[in-house]
Amino acid sequence: MSVRHYVLFSTDGFIKVPTTSDILYNSKNTKDIYIFGFIGGLFRVNNNIIDPTLNWQNPLNWNKYANLKGTATIPSPIIIGEVDDDIFITLINLGMKYRSDLTELHTIHIQGANLPAEIDGFPETSFGVPTWINYKDSPPVATYYFKPERSGTYVYYNQATASQHVQMGMYGAVVIYPSLKNLEDSGVHRSRSDKWYFERQLISHIPSNATSHNFAYANSYTYFDKEYIILLSNIDSNWHNNVLNSKFYNSINYKPDYWLINGRAFPHTLYPHPKTKEDKKQPNTDQINYESYVHIKNGQKVLLRIINMGYQVVPWHVHGWSFSVAGKDAELNQFLKLSAILNLEKHGNHVQEMGCTASLSSGETYDIIISADKKTESYENYISKGLSTVPYLRSQLKDLLDKNQNSIATIPLEPLKHPNTDFVNFLQLCGQTNPTYDKNNLPHFYPMHNNDNYTMTNNGIYPGGQLTFIQVDN
Numbered sequence: 001m002s003v004r005h006y007v008l009f010s011t012d013g014f015i016k017v018p019t020t021s022d023i024l025y026n027s028k029n030t031k032d033i034y035i036f037g038f039i040g041g042l043f044r045v046n047n048n049i050i051d052p053t054l055n056w057q058n059p060l061n062w063n064k065y066a067n068l069k070g071t072a073t074i075p076s077p078i079i080i081g082e083v084d085d086d087i088f089i090t091l092i093n094l095g096m097k098y099r100s101d102l103t104e105l106h107t108i109h110i111q112g113a114n115l116p117a118e119i120d121g122f123p124e125t126s127f128g129v130p131t132w133i134n135y136k137d138s139p140p141v142a143t144y145y146f147k148p149e150r151s152g153t154y155v156y157y158n159q160a161t162a163s164q165h166v167q168m169g170m171y172g173a174v175v176i177y178p179s180l181k182n183l184e185d186s187g188v189h190r191s192r193s194d195k196w197y198f199e200r201q202l203i204s205h206i207p208s209n210a211t212s213h214n215f216a217y218a219n220s221y222t223y224f225d226k227e228y229i230i231l232l233s234n235i236d237s238n239w240h241n242n243v244l245n246s247k248f249y250n251s252i253n254y255k256p257d258y259w260l261i262n263g264r265a266f267p268h269t270l271y272p273h274p275k276t277k278e279d280k281k282q283p284n285t286d287q288i289n290y291e292s293y294v295h296i297k298n299g300q301k302v303l304l305r306i307i308n309m310g311y312q313v314v315p316w317h318v319h320g321w322s323f324s325v326a327g328k329d330a331e332l333n334q335f336l337k338l339s340a341i342l343n344l345e346k347h348g349n350h351v352q353e354m355g356c357t358a359s360l361s362s363g364e365t366y367d368i369i370i371s372a373d374k375k376t377e378s379y380e381n382y383i384s385k386g387l388s389t390v391p392y393l394r395s396q397l398k399d400l401l402d403k404n405q406n407s408i409a410t411i412p413l414e415p416l417k418h419p420n421t422d423f424v425n426f427l428q429l430c431g432q433t434n435p436t437y438d439k440n441n442l443p444h445f446y447p448m449h450n451n452d453n454y455t456m457t458n459n460g461i462y463p464g465g466q467l468t469f470i471q472v473d474n
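Note that UniProt numbering numbers the sequence shown so that position 393 is 393, with each residue one more than the last.
If you are wondering where the hints come from, they were derived from the structure by calculation, not from laboratory data. A few of these clues could be false.
Stated by the list, open to error - Restricting the straight-line Cα-Cα distance to at most 25 Å, the calculated cross-link-like pairs of lysine-lysine (DSS-like) are:
1. 337 - 301
2. 297 - 97
3. 374 - 226
4. 97 - 247
5. 136 - 97
6. 301 - 375
7. 181 - 16
8. 301 - 226
9. 64 - 97
10. 195 - 181
11. 31 - 275
12. 337 - 398
13. 275 - 16
14. 374 - 385
15. 97 - 195
16. 374 - 297
17. 31 - 16
18. 147 - 195
Unchecked claim - Between beta-carbon pairs, the in silico distance windows are:
19. 460 - 247: 22 to 32 Å
20. 124 - 27: 35 to 45 Å
21. 378 - 84: 40 to 50 Å
22. 409 - 322: 19 to 29 Å
We put the CB at the ideal spot given by N, CA and C, even for glycine.
Using the sequences and the accompanying hints, generate a full structural model.
Right, here's the structure in full:
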């Protein structure tokens, strides 16, 4: 068990969204949208100070905080912990740089945390944090406390005037891992030789270097090799413009025109996330960040922590595989719970909920696990040699290219790196001069996206919106 103390500041800022379908980044092809958000991060773990600049009790930091006004982005910092940790979140309301007249109360509500009303963040039944007006005096603050009883994916947001503050961007992910004790209580344990067991049965697919942070829940079936947060939201830019220009906007007129993954719309979803660098400054955050281009290897298991903070239901669709639902709203999937109770793994099987599309209502979270099984062996003959008198794929692509140079898509090798971006197309992957290819070096690319396909646009321009790629290397 650890004590983890976060300090968050609420303020405003801008994000950039694409205005064209050009996959190469160009600042001229972007549009600024006014937003609200939280900034800050991890202050201390136990008695170890991680970032001394987050010590709001030190008057020497107060002028620095004044300079943070206007620097918010979407999404807000990730809150990370383990089951039974003591998690504290201190909130400081900096106020708005571009709307200094807005002095509303702000709160933090953790969806699904099952907290008492006093610290649940719903201002009508508790309290709100007022705006810090005089930076010569100590800031008004409140510290929220969360002792997670369950692992899984949560989300936090500003519940005060939630209709506007959530739309404006005041939300972030909460990731809770099972602790080793939590795993042991469920029958999963690591031996002195670093082998993993369920009860007395060896779990052969879990490597010796795995930790409790390689499990979505306290359940052996929720092991994963890599994980990604997919935080979905949508924006009505007219609403945001009205807020910036001090104009009333009636929320019943809500009409989104941008759809975001981790605060960005395609093709920006293929670029390294600007928050990743700041996350890596903080120890104890492991590998989790807001990258949205999923990059894995054949045979790996990848956990997608999907969160919907938009005002529309999202049918999130993954190409290439069926996934297993590990949990929903930070609750272990009941089929996996049943498999553990019946010890079905002992018989080489287990009951699971499978699918290729997960539909998330506003505020819902899903934890889904993809097993990136190889597909090349099943389709190699067709791709490289042809099958049942149908010519091999490479020859078909060559004919298409001869007729239309734009017929074969160029795909960026993850992630897009400006200005030196590497692209590949399937004609190159299949071999330009030889109908065979090196299957050991062949990456595959699979899209995942909102299956309401109009949301794969940026103000009507396709492709855009809630779309990103999964790259699978052999």
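Hints, verified against the model:
no.: 1; hint: 337 - 301; result: holds, 19 Å
no.: 2; hint: 297 - 97; result: violated, 44 Å
no.: 3; hint: 374 - 226; result: holds, 17 Å
no.: 4; hint: 97 - 247; result: holds, 17 Å
no.: 5; hint: 136 - 97; result: holds, 17 Å
no.: 6; hint: 301 - 375; result: holds, 15 Å
no.: 7; hint: 181 - 16; result: violated, 43 Å
no.: 8; hint: 301 - 226; result: holds, 7 Å
no.: 9; hint: 64 - 97; result: holds, 14 Å
no.: 10; hint: 195 - 181; result: holds, 16 Å
no.: 11; hint: 31 - 275; result: holds, 19 Å
no.: 12; hint: 337 - 398; result: violated, 50 Å
no.: 13; hint: 275 - 16; result: holds, 14 Å
no.: 14; hint: 374 - 385; result: holds, 18 Å
no.: 15; hint: 97 - 195; result: violated, 54 Å
no.: 16; hint: 374 - 297; result: holds, 9 Å
no.: 17; hint: 31 - 16; result: holds, 5 Å
no.: 18; hint: 147 - 195; result: violated, 30 Å
no.: 19; hint: 460 - 247: 22 to 32 Å; result: holds, 23 Å
no.: 20; hint: 124 - 27: 35 to 45 Å; result: holds, 42 Å
no.: 21; hint: 378 - 84: 40 to 50 Å; result: holds, 45 Å
no.: 22; hint: 409 - 322: 19 to 29 Å; result: holds, 24 Å
Checked against the numbered hints above, the structure breaks hints 2, 7, 12, 15, 18 and satisfies the rest.
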